[in-house]
Amino acid sequence: MDRILFLKKFIDEPRKIGSLTPSSNFLARKMLNALPWENFSHVVELGAGTGSFTKQIVKYKPSDCKFLVVEQDSAMRHLLEEKYPDLIFDSYAENLNASLRRLNFPQTDCVISGLPFANMNETLRRRIIDNVHRSLKRGGVFVMFQYSTQMKSLLNEYFSSVEIEFFLLNFPPAFVYFCRK
Numbered sequence: 002m003d004r005i006l007f008l009k010k011f012i013d014e015p016r017k018i019g020s021l022t023p024s025s026n027f028l029a030r031k032m033l034n035a036l037p038w039e040n041f042s043h044v045v046e047l048g049a050g051t052g053s054f055t056k057q058i059v060k061y062k063p064s065d066c067k068f069l070v071v072e073q074d075s076a077m078r079h080l081l082e083e084k085y086p087d088l089i090f091d092s093y094a095e096n097l098n099a100s101l102r103r104l105n106f107p108q109t110d111c112v113i114s115g116l117p118f119a120n121m122n123e124t125l126r127r128r129i130i131d132n133v134h135r136s137l138k139r140g141g142v143f144v145m146f147q148y149s150t151q152m153k154s155l156l157n158e159y160f161s162s163v164e165i166e167f168f169l170l171n172f173p174p175a176f177v178y179f180c181r182k
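Counting from 2, one number per residue, gives the positions in the sequence shown under this note's numbering.
One should not assume that every hint holds.
Computed list of lysine to any residue pairs in SDA-like fashion (alpha-carbon distance at most 25 Å, straight line) [as the list claims (entries may be wrong)]:
1) Lys60 to Gln151
2) Lys56 to Ser161
3) Lys182 to Phe168
4) Lys67 to Met121
5) Lys182 to Asn105
6) Lys56 to Phe176
7) Lys56 to Glu83
8) Lys182 to Phe172
9) Lys138 to Leu156
10) Lys84 to His134
11) Lys60 to Lys153
12) Lys182 to Glu83
13) Lys138 to Ser162
14) Lys31 to Asn105
15) Lys182 to Arg30
16) Lys182 to Pro63
17) Lys84 to Phe176
18) Lys56 to Ser92
19) Lys153 to Asn105
20) Lys153 to Lys182
21) Lys182 to Met121
22) Lys67 to Gln151
23) Lys67 to Phe179
24) Lys138 to Leu170
25) Lys31 to Ala99
26) Lys31 to Thr124
27) Lys138 to Leu169
28) Lys84 to Asp131
29) Lys56 to Leu155
30) Lys138 to Leu80
31) Lys60 to Asp131
32) Lys138 to Pro174
33) Lys182 to Lys84
34) Lys60 to Glu83
35) Lys56 to Glu158
Okay, the calculated beta carbon distance ranges per label pair [unchecked claim]:
36) Ser161 to Arg128: 16 to 22 Å
37) Glu164 to Glu39: 33 to 39 Å
38) Ala119 to Ala35: 22 to 28 Å
Simulated from the structure, these hints should not be mistaken for laboratory data.
In this text, a Cβ means the ideal position worked out from N, Cα and C, and glycines have one as well.
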């Protein structure tokens, strides 16, 4: 059912969804395996979709770690709210800092993103990256995937370290970005 919903949303609004299929479990594990989960008390996921990463993050995060899931599409967000009633949900990545203040979240340890930045205009991309940067504590990590290296120069403006790895075990293959504040 999740894949059908994802495909339907892609057909309806391809620029908002960004891919024909949800991310693979291989990609989720690639992005999440190397993170220092034992040190995390607050984590944010942007663009959760139908929950490919959400499912893995729930497995990795410490039991006392607060987890905010941000998904703009109401149908996909409601699906995730039903699956994960103990998590915290919100709607707009470009308002991340306002959401964190409203939810009494401190600066976060890690932000994980599946947002399709290539489909966004420059103003929205900058607003989201600025919110991500401001939401992270010093030493915090921003991890995301994209289907190109288009975001590298923008990320270099905000983060002290930006590493990119090409990952084939996803459809389509993806670039994984590891950024540190």
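Hint-by-hint comparison with the structure:
1. Lys60 to Gln151: Not satisfied, since the Cα-Cα distance of roughly 31 Å exceeds 25 Å.
2. Lys56 to Ser161: violated, 29 Å
3. Lys182 to Phe168: holds, 23 Å
4. Lys67 to Met121: Not satisfied, since the Cα-Cα distance of roughly 28 Å exceeds 25 Å.
5. Lys182 to Asn105: holds, 21 Å
6. Lys56 to Phe176: OK: Lys56 and Phe176 at ~21 Å, within 25 Å.
7. Lys56 to Glu83: Roughly 13 Å separates the two Cα atoms, so the pair holds.
8. Lys182 to Phe172: violated, 29 Å
9. Lys138 to Leu156: Holds, at about 16 Å.
10. Lys84 to His134: At roughly 29 Å apart (the allowed maximum being 25 Å), His134 and Lys84 break the hint.
11. Lys60 to Lys153: The given pair, whose Cα atoms are some 29 Å apart, is violated under the 25 Å limit.
12. Lys182 to Glu83: violated, 33 Å
13. Lys138 to Ser162: holds, 14 Å
14. Lys31 to Asn105: Cα-Cα ~30 Å, so violated.
15. Lys182 to Arg30: holds, 22 Å
16. Lys182 to Pro63: holds, 22 Å
17. Lys84 to Phe176: violated, 28 Å
18. Lys56 to Ser92: The hint holds at about 18 Å.
19. Lys153 to Asn105: Roughly 31 Å separates the two Cα atoms, so the pair is violated.
20. Lys153 to Lys182: With a Cα-Cα distance of about 15 Å, the restraint between Lys153 and Lys182 holds, given a limit of 25 Å.
21. Lys182 to Met121: holds, 23 Å
22. Lys67 to Gln151: violated, 31 Å
23. Lys67 to Phe179: holds, 21 Å
24. Lys138 to Leu170: violated, 31 Å
25. Lys31 to Ala99: Roughly 30 Å separates the two Cα atoms, so the pair is violated.
26. Lys31 to Thr124: violated, 29 Å
27. Lys138 to Leu169: Roughly 31 Å separates the two Cα atoms, so the pair is violated.
28. Lys84 to Asp131: With Cα atoms ~30 Å apart, Lys84 and Asp131 exceed 25 Å; violated.
29. Lys56 to Leu155: violated, 29 Å
30. Lys138 to Leu80: violated, 30 Å
31. Lys60 to Asp131: violated, 28 Å
32. Lys138 to Pro174: violated, 30 Å
33. Lys182 to Lys84: violated, 32 Å
34. Lys60 to Glu83: holds, 17 Å
35. Lys56 to Glu158: Measuring from Cα to Cα gives roughly 31 Å; hence the hint is violated.
36. Ser161 to Arg128: 16 to 22 Å: holds, 21 Å
37. Glu164 to Glu39: 33 to 39 Å: violated, 21 Å
38. Ala119 to Ala35: 22 to 28 Å: holds, 24 Å
In summary, the numbered hints that this structure violates are 1, 2, 4, 8, 10, 11, 12, 14, 17, 19, 22, 24, 25, 26, 27, 28, 29, 30, 31, 32, 33, 35, 37.
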